[in-house]
Amino acid sequence: MRSFASDNNARVHPKIMEAIVKANEGDVVSYGDDIYTERAVNKFKEIFGEDIDVYFVYNGTGANVLGLGTITRPYNSIICSSWAHINTDECGAPEKNTGCKIISLPSADAKIQVEDIEKHLHALGVEHHSQPKVISITQSTELGTVYTVDEIKKISDFAHRNNMLVHMDGARIANAAASLNKGLREITRDAGVDVLSFGGTKNGMMFGEAVVFFNKELSKDFKFIRKQSMQLHSKMRYISAQFEALLSDNLWFENAKHANEMAKYLESKVREIKGIEITQKVEANAVFAILPRQTIEKLLKKHFFYIWNEETNEVRWMTSFDTTKEDIDSFVSDIHLIS
Numbered sequence: 001m002r003s004f005a006s007d008n009n010a011r012v013h014p015k016i017m018e019a020i021v022k023a024n025e026g027d028v029v030s031y032g033d034d035i036y037t038e039r040a041v042n043k044f045k046e047i048f049g050e051d052i053d054v055y056f057v058y059n060g061t062g063a064n065v066l067g068l069g070t071i072t073r074p075y076n077s078i079i080c081s082s083w084a085h086i087n088t089d090e091c092g093a094p095e096k097n098t099g100c101k102i103i104s105l106p107s108a109d110a111k112i113q114v115e116d117i118e119k120h121l122h123a124l125g126v127e128h129h130s131q132p133k134v135i136s137i138t139q140s141t142e143l144g145t146v147y148t149v150d151e152i153k154k155i156s157d158f159a160h161r162n163n164m165l166v167h168m169d170g171a172r173i174a175n176a177a178a179s180l181n182k183g184l185r186e187i188t189r190d191a192g193v194d195v196l197s198f199g200g201t202k203n204g205m206m207f208g209e210a211v212v213f214f215n216k217e218l219s220k221d222f223k224f225i226r227k228q229s230m231q232l233h234s235k236m237r238y239i240s241a242q243f244e245a246l247l248s249d250n251l252w253f254e255n256a257k258h259a260n261e262m263a264k265y266l267e268s269k270v271r272e273i274k275g276i277e278i279t280q281k282v283e284a285n286a287v288f289a290i291l292p293r294q295t296i297e298k299l300l301k302k303h304f305f306y307i308w309n310e311e312t313n314e315v316r317w318m319t320s321f322d323t324t325k326e327d328i329d330s331f332v333s334d335i336h337l338i339s
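Just so you know, my numbering puts 255 at position 255 of the sequence shown, and the rest follows in order with no gaps.
Warning: the hint list may mix true and false statements.
Straight-line Cα separation of at most 20 Å, DMTMM-like style, residue types lysine to aspartate or glutamate; simulated pairs [unchecked claim]:
| id | residue 1 | residue 2 |
| --- | --- | --- |
| 1 | Lys302 | Asp329 |
| 2 | Lys220 | Glu38 |
| 3 | Lys325 | Asp221 |
| 4 | Lys216 | Asp51 |
| 5 | Lys154 | Glu186 |
| 6 | Lys43 | Glu261 |
| 7 | Lys235 | Glu38 |
| 8 | Lys45 | Asp27 |
| 9 | Lys216 | Glu38 |
| 10 | Lys45 | Glu217 |
| 11 | Lys182 | Glu261 |
| 12 | Lys153 | Asp190 |
| 13 | Lys298 | Glu254 |
Since the hints were made in silico from the structure, they are not lab data.
Turn these sequences into a full structure, and let the hints guide you.
In structure tokens form, the structure reads like this:
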């Protein structure tokens, strides 16, 4: 049965699998000095501009940790939502590897506001305290909500006025762009973001993420940090070929748009069922809902998904590029039978 646990559970998109197979011919130079990596980097430059630096890594935690570690010193602090992946789901890797203090802000929808950030800047310049350096936001957020362009600009302007930088965890950046119907550059670089962790795995790739620096001065030490942190892939062509395919012919957008549409379809179907409460706006490819514990336990026997909050019986249902209406209809039918 179709899993609604995570977009990580989805298969590799056929066009991306085809790109991997095509790249699997003969010898090429390792560690990124190959034609596949050159072409993939050029795809990023077509989207974000020529004057950027792009580096490929294995996974999202690696992208976040290395992106943040490159632009901070151990005496700095990183401000983020309490829901942020760097705060809750990376086993302390950002703090361990950057040495920075994570300052997490409570937020009902996982989006942080300038007014909440401002309260933590009293320590600027005081040697007894960690120095706030980076505001990290997630797009789309861990609760499936999406920052608007104006919201990102407001945070970025505030950060830069206070000599801080903005990092975006874009594990689902494609879903956010599709939700807003905006270009990738418009919701990142043009909105003031300094460093972007660009997600591929959750949008149809087998593995691989990118770290994009919109100010090349910030990235001058990245290649050394990446190597030391064990994120330099020797057979880089297999990451690069995937990104080239993902960023060609609007595949990234079509994958994300379909996943988002399936989440909205799922939302519309479960709203018809008495006893289910949708707890967050469905803006990307996630549906959060509260339902009776007995229903959850019975449903889990047929469909894999995560209980998000054990105390409130809130669950998370994720859709992906290959989720179908038939998958959702079958899932909802089972909820009806159980309820």
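Here is what the structure says about each hint:
1. Lys302 - Asp329: holds, 14 Å
2. Lys220 - Glu38: Holds: Lys220 and Glu38 sit about 18 Å apart, inside 20 Å.
3. Lys325 - Asp221: violated, 47 Å
4. Lys216 - Asp51: holds, 7 Å
5. Lys154 - Glu186: OK: Lys154 and Glu186 at ~14 Å, within 20 Å.
6. Lys43 - Glu261: Since the Cα atoms of Lys43 and Glu261 sit roughly 26 Å apart, the hinted pair is violated (cutoff 20 Å).
7. Lys235 - Glu38: holds, 14 Å
8. Lys45 - Asp27: violated, 26 Å
9. Lys216 - Glu38: holds, 17 Å
10. Lys45 - Glu217: holds, 17 Å
11. Lys182 - Glu261: holds, 16 Å
12. Lys153 - Asp190: holds, 8 Å
13. Lys298 - Glu254: violated, 34 Å
The structure shown violates the earlier hints numbered 3, 6, 8, 13.
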